[in-house]
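Novice: The chain contents come next:
There are 2 protein chains.
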Amino acid sequence: MSSSRKIIKLFYDVTSPYSWLAFEVLCRYRNVWNIDPKFKPAYLGGIIHGSGNTVPGLNPSELLYMVSDLILLSEYFGVPIFPPSDLSKIDSLNAMRFLTVVAEREKKGDTLERVSIELWKRMWCTHKDITQPASLTEAGLKAGLSANEVEEFLTLSKSQPIKDKLRSVTQEALDYKCFGLPFIVGHVNGKAEIFFGSDKFELMAYLFGEKWMGPYPNKPTATM
Amino acid sequence: MSSSRKIIKLFYDVTSPYSWLAFEVLCRYRNVWNIDPKFKPAYLGGIIHGSGNTVPGLNPSELLYMVSDLILLSEYFGVPIFPPSDLSKIDSLNAMRFLTVVAEREKKGDTLERVSIELWKRMWCTHKDITQPASLTEAGLKAGLSANEVEEFLTLSKSQPIKDKLRSVTQEALDYKCFGLPFIVGHVNGKAEIFFGSDKFELMAYLFGEKWMGPYPNKPTATM
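Top line first, the protein sequences correspond to chains U and P. Number 173 in numbering that gives the first Met the number 0 belongs to position 174 of the first sequence; there are no gaps in the numbering. Number 84 in numbering that gives the first Met the number 0 belongs to position 85 of the second sequence; there are no gaps in the numbering.
It is possible that part of the hints are untrue.
One copy or any two copies: either way a pair holds, since identical chains are not told apart in the list.
Simulated crosslink set (DSSO-like; lysine-lysine; CA at most 27 Å straight-line) [claimed, not checked]:
1) K199 - K218
2) K88 - K210
3) K210 - K5
4) K162 - K218
5) K141 - K157
6) K190 - K218
7) K210 - K199
8) K88 - K107
9) K106 - K210
10) K199 - K157
11) K88 - K176
12) K162 - K199
13) K218 - K106
14) K157 - K88
15) K199 - K141
16) K141 - K164
17) K88 - K218
18) K176 - K199
19) K190 - K141
20) K190 - K88
FYI, nobody ran anything at the bench for these hints, they're computed from the structure.
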């Protein structure tokens with residue numbers, strides 16, 4: 000069943016709130032559209048560096064707009080994003096390496112999704128640290144990992160194979176000419192179609208031959 | 000009748016293809032949503048300079064993405080945008096001063112809309128010059144201006160009051176913290192709500208209490 004579904008890769012970083020929106024939409028549409036989302040933890044710092052881009056929101060007016068845009072999107076999509084007053088750059092390297100371990104260990108469950116959500120919640124909803132081992136531990140436990148698993152995953156997250164894996168996923172995104180996150184890749188007639196940001200689902204639906212039904216596709220009271 | 004409609008200001012420049020998309024959508028929804036769009040010719044160069052921003056597409060990967068995004072949007076929205084192979088910056092100052100004259104002379108007609116479309120078509124569809132007086136003349140005539148009007152408008156476009164008017168409209172956008180075009184401003188409960196780009200109509204509909212029906216709101220076969 001799964002093999003006949005269109006594979007959609009979402010490259011994301013938990014320091015990107017728009018990534019959370021894109022992630023949520025793909026989760027909600029997984030059983031509505033004929034798609035199989037593959038969640039790919041990448042490192043935003045590596046994307047910015049590798050593409051020669053600048054971080055979003057450097058311009059003061061654009062930053063102001065992003066905050067009001069996020070507040071409105073949060074309400075519309077029902078995702079609890081509350082931009083913190085200090086939006087200075089938080090490095091996500093430890094968090095994304097931790098998620099890389101979770102992704103590598105994942106079999107058929109949804110642990111990666113649950114841990115990712117806990118990290119997004121910490122950063123964008125409850126405004127807690129996501130850089131320290133204690134913070135990653137707390138997120139892992141909340142997501143249903145055992146204490147032993149969290150400890151093992153934290154150790155593994157410092158290993159060379161995991162560092163290399165995160166680097167290779169980030170490079171995979173860069174190979175698609177990624178310049179920021181979220182970055183979504185799907186194939187239509189053998190051609191890689193790419194989408195940047197969380198405002199492209201209607202266009203994606205058009206290209207994929209699916210129907211965009213707004214942020215709540217399963218609600219009978221969907222607005223569209 | 001008109002006074003009860005929500006005034007929506009669209010600040011635009013004809014060197015911005017996303018402005019064309021936003022313009023088209025507002026035209027199509029004018030009699031579908033309870034809105035009264037006000038088209039405000041502004042100068043993108045002044046917006047970029049005044050906000051301290053950089054022009055879009057400086058990053059090579061982002062530029063590649065913009066081209067494929069525009070081609071897809073063009074097809075989806077039914078607006079004939081064909082990005083030229085050379086996207087090097089074309090200065091729109093003469094064109095936007097010309098449109099400022101048209102806007103100032105407009106009474107209740109749609110001349111501003113028609114001349115704007117002719118200029119967008121030249122730049123983004125037939126890839127013709129929009130900087131020289133002869134080009135502006137051709138666009139004006141195609142849009143239905145008389146030869147006398149075009150001549151008068153070209154002379155006026157070099158006058159101080161028109162230069163000042165374009166500067167003041169550009170400043171009006173900057174006062175709303177504009178950092179790029181298209182930039183849309185509407186008021187909800189006395190608060191200015193701003194939207195950047197051409198991907199925000201669904202969110203705008205949500206905020207305005209209207210229904211987004213995709214790019215063809217009047218077609219019975221609308222996809223949404």
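Novice: Next, verify each hint and record whether it holds.
Specialist: Hint by hint, here is what the structure shows:
1. K199 - K218: both (21 Å within a copy, 22 Å between copies)
2. K88 - K210: Answer is neither; intra-copy 36 Å and inter-copy 37 Å both fail.
3. K210 - K5: Classified as within; 14 Å inside a copy, 30 Å across copies.
4. K162 - K218: Classified as neither: same-chain Cα gap 41 Å, cross-chain 52 Å, threshold 27 Å.
5. K141 - K157: Intra 21 Å, inter 66 Å, cutoff 27 Å: intra-copy only.
6. K190 - K218: Answer is neither; intra-copy 33 Å and inter-copy 30 Å both fail.
7. K210 - K199: both (13 Å within a copy, 18 Å between copies)
8. K88 - K107: neither (33 Å within a copy, 50 Å between copies)
9. K106 - K210: Answer is neither: 30 Å inside a copy and 42 Å across each miss the 27 Å cutoff.
10. K199 - K157: For K199 and K157, the Cα distance exceeds 27 Å both inside one copy (35 Å) and across copies (41 Å).
11. K88 - K176: For K88 and K176, both the intra-copy (23 Å) and inter-copy (22 Å) Cα distances are at most 27 Å.
12. K162 - K199: neither (31 Å within a copy, 37 Å between copies)
13. K218 - K106: Neither way: K218 and K106 sit 30 Å apart in one copy and 46 Å across, limit 27 Å.
14. K157 - K88: Only inside one copy: K157 and K88 sit 22 Å apart there, 46 Å across copies, limit 27 Å.
15. K199 - K141: neither (31 Å within a copy, 35 Å between copies)
16. K141 - K164: within (25 Å within a copy, 58 Å between copies)
17. K88 - K218: Neither: 37 Å inside a chain and 46 Å across chains, both beyond 27 Å.
18. K176 - K199: Result: close both inside a copy and across copies, 17 Å intra and 24 Å inter.
19. K190 - K141: neither (39 Å within a copy, 39 Å between copies)
20. K190 - K88: neither (35 Å within a copy, 30 Å between copies)
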